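J.: Take the sequences, apply the hints, and build the full model.
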Amino acid sequence: MLTNSPSCLDNYIVFYNGCYGDDTPVPTSGYYIENLEGLTIENVAMITPELLISATQTIKEKMLFAASIVENRLKAILNSRGIKLNTLGKLYSACSVTSVADLPAPFDRGIRISKKWLNSPQSRIFIDAVRFKSKVNGPSVIKVKDLLGNILWQQNTVCIAETEHTVFIKKHFNPDIILVTIDTTSIQPYIYTCDKTTNCTPCDANINLAIDGWNGTGVGPNGYVSVCVRLDCTDKDIICQFLDRLGLTILYQTGAQIAKEWLAPNNRLNIIKTHGLEWASQMATMWESLSNEYLNNEIDNIIQILETDKFCHRCETRLRMYTMLPG
Numbered sequence: 001m002l003t004n005s006p007s008c009l010d011n012y013i014v015f016y017n018g019c020y021g022d023d024t025p026v027p028t029s030g031y032y033i034e035n036l037e038g039l040t041i042e043n044v045a046m047i048t049p050e051l052l053i054s055a056t057q058t059i060k061e062k063m064l065f066a067a068s069i070v071e072n073r074l075k076a077i078l079n080s081r082g083i084k085l086n087t088l089g090k091l092y093s094a095c096s097v098t099s100v101a102d103l104p105a106p107f108d109r110g111i112r113i114s115k116k117w118l119n120s121p122q123s124r125i126f127i128d129a130v131r132f133k134s135k136v137n138g139p140s141v142i143k144v145k146d147l148l149g150n151i152l153w154q155q156n157t158v159c160i161a162e163t164e165h166t167v168f169i170k171k172h173f174n175p176d177i178i179l180v181t182i183d184t185t186s187i188q189p190y191i192y193t194c195d196k197t198t199n200c201t202p203c204d205a206n207i208n209l210a211i212d213g214w215n216g217t218g219v220g221p222n223g224y225v226s227v228c229v230r231l232d233c234t235d236k237d238i239i240c241q242f243l244d245r246l247g248l249t250i251l252y253q254t255g256a257q258i259a260k261e262w263l264a265p266n267n268r269l270n271i272i273k274t275h276g277l278e279w280a281s282q283m284a285t286m287w288e289s290l291s292n293e294y295l296n297n298e299i300d301n302i303i304q305i306l307e308t309d310k311f312c313h314r315c316e317t318r319l320r321m322y323t324m325l326p327g
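Anchor point for the sequence shown: position 87 equals 87 in the working numbering, and the numbering is continuous, going up by one each time.
Treat the hints with care, as some may be off.
Said to hold, decoys possible - So the derived label-pair ranges between C-beta atoms look like this: (1) S7 with R245: 31 to 39 Å; (2) G30 with A105: 48 to 56 Å; (3) D10 with R81: 24 to 32 Å; (4) Q155 with R81: 39 to 47 Å; (5) S7 with W279: 30 to 38 Å; (6) I77 with E278: 13 to 21 Å; (7) S68 with A101: 15 to 23 Å.
What the hints assert, rightly or not - Taking lysine to aspartate or glutamate and the EDC-like style, the derived pairs with C-alpha atoms no more than 20 Å apart in a straight line are: (8) K84 with D235; (9) K135 with E162; (10) K170 with E71; (11) K116 with D176; (12) K90 with D176; (13) K143 with D176; (14) K236 with E71; (15) K171 with D235; (16) K135 with E164; (17) K84 with D309; (18) K310 with D237; (19) K90 with D232; (20) K84 with E307; (21) K90 with D309; (22) K115 with D212.
Just so you know, the hints here were simulated from the structure itself, not pulled from any lab data.
Small disclaimer: the values here were computed from a predicted structure and weren't measured.
For each residue, glycine too, the CB sits at the ideal point set by N, CA and C.
T.: Below you can see the structure in the form of C-alpha cells.
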C-alpha cells in the first residue's frame with residue numbers, strides 16, 4: 001500500500017461502477033478507468049489482492065503508483081532540459097530576545113512567517129530551529145501550525161528559568177503562512193522583537209519572507225520565539241501543478257500497472273491464466289508507450305508554466321556530447 005500520497009490525486013481516476021458508497025465521484029481528471037478498452041470492474045476484481053479488498057481499492061492503489069512513476073519521469077526530463085528544481089535559500093536568524101518577560105497566558109504565542117506576495121508553488125518554508133526563553137521553570141509545547149489551527153509539527157519541552165533553549169525542527173512546511181508558537185500557560189515567556197531594527201528584517205526584499213510577532217490572536221512587533229528560517233525550492237509533489245495536463249499520461253500508466261499485475265505470478269490469476277495473458281502483455285506495452293508519448297507532448301507546456309515561478313525556476317544549459325564515428 002502506498003502512503004503519504006498528495007491529496008491532489010484524490011478521485012483523479014475512478015471506476016464508473018466502483019464501490020464508493022452513495023455516489024460515484026466525478027474523476028478530477030475527467031477519465032474513468034473504463035475508458036481503457038478491455039478493463040472492467042469484473043476482471044480487475046479477479047486480480048485484486050486480498051489486502052486491497054475490492055477492485056475499487058486496486059484502481060486507487062495502481063493509479064497512485066502510476067502517478068508516482070509519471071512524476072519521477074517528469075523530474076528526470078525536466079532535469080535533462082536544465083530545469084533546476086531543488087535549491088536552498090539563505091538561512092536567516094529572525095527576531096531577537098529582549099530583557100522583558102510577559103505573564104503566563106493560556107495561549108499559543110510566537111511568530112507568524114509568510115511568503116511576501118510571492119507566487120511560487122514549489123517554494124517551501126524551511127524551519128531549521130526555534131529558540132525560546134522563560135523567566136520561570138515550567139513545561140510547554142512548541143508547535144508549528146497553519147492559520148486554521150492544524151498542527152503541522154509539535155514537541156513537548158521543559159523550560160529552565162533564565163535559559164534560552166534551542167529546539168531543532170529541520171522540516172519543510174507547505175502552507176504559505178505558518179505560525180511557530182510556544183504554549184505560555186505555565187511559563188513567563190520573554191518577548192522577542194520582530195521589527196525593522198532587529199535581525200528579523202521583514203522589510204528585506206531578498207529574504208522573500210515576512211516575519212511578525214504573534215500574540216495568539218493577531219500580529220505585532222513583539223514575538224515569543226526566535227527562528228532560523230529559509231525559503232527553499234523543492235520538487236516535492238510537483239505533479240500536483242500539472243494534473244490538468246497529465247490525465248491521459250496517468251490513465252495509460254495506470255492501465256499498464258494493472259496489466260502488469262495481470263501478468264504477475266499470483267495465485268489469484270489462475271482464473272485467467274489460460275486466457276488474457278497475450279492481451280495483457282500487449283496492453284501493458286502499448287499503454288506504457290502511450291503514457292510516455294503524452295508526457296513528452298506536454299513537456300514544453302509544463303516548462304512554460306514553471307517559468308512563471310520567478311523564485312524557483314532555474315535554467316542551466318547542458319553541454320551534450322555526441323560520439324563521432326569515423327566515416
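J.: State for each hint whether it applies.
T.: Comparing the hints with the structure gives:
| no. | hint | in the structure |
| --- | --- | --- |
| 1 | S7 with R245: 31 to 39 Å | violated (19 Å) |
| 2 | G30 with A105: 48 to 56 Å | holds (51 Å) |
| 3 | D10 with R81: 24 to 32 Å | holds (30 Å) |
| 4 | Q155 with R81: 39 to 47 Å | holds (41 Å) |
| 5 | S7 with W279: 30 to 38 Å | holds (35 Å) |
| 6 | I77 with E278: 13 to 21 Å | violated (32 Å) |
| 7 | S68 with A101: 15 to 23 Å | violated (50 Å) |
| 8 | K84 with D235 | holds (9 Å) |
| 9 | K135 with E162 | holds (5 Å) |
| 10 | K170 with E71 | violated (25 Å) |
| 11 | K116 with D176 | holds (9 Å) |
| 12 | K90 with D176 | holds (17 Å) |
| 13 | K143 with D176 | holds (16 Å) |
| 14 | K236 with E71 | holds (10 Å) |
| 15 | K171 with D235 | holds (15 Å) |
| 16 | K135 with E164 | holds (10 Å) |
| 17 | K84 with D309 | holds (12 Å) |
| 18 | K310 with D237 | holds (19 Å) |
| 19 | K90 with D232 | holds (8 Å) |
| 20 | K84 with E307 | holds (11 Å) |
| 21 | K90 with D309 | holds (18 Å) |
| 22 | K115 with D212 | holds (12 Å) |
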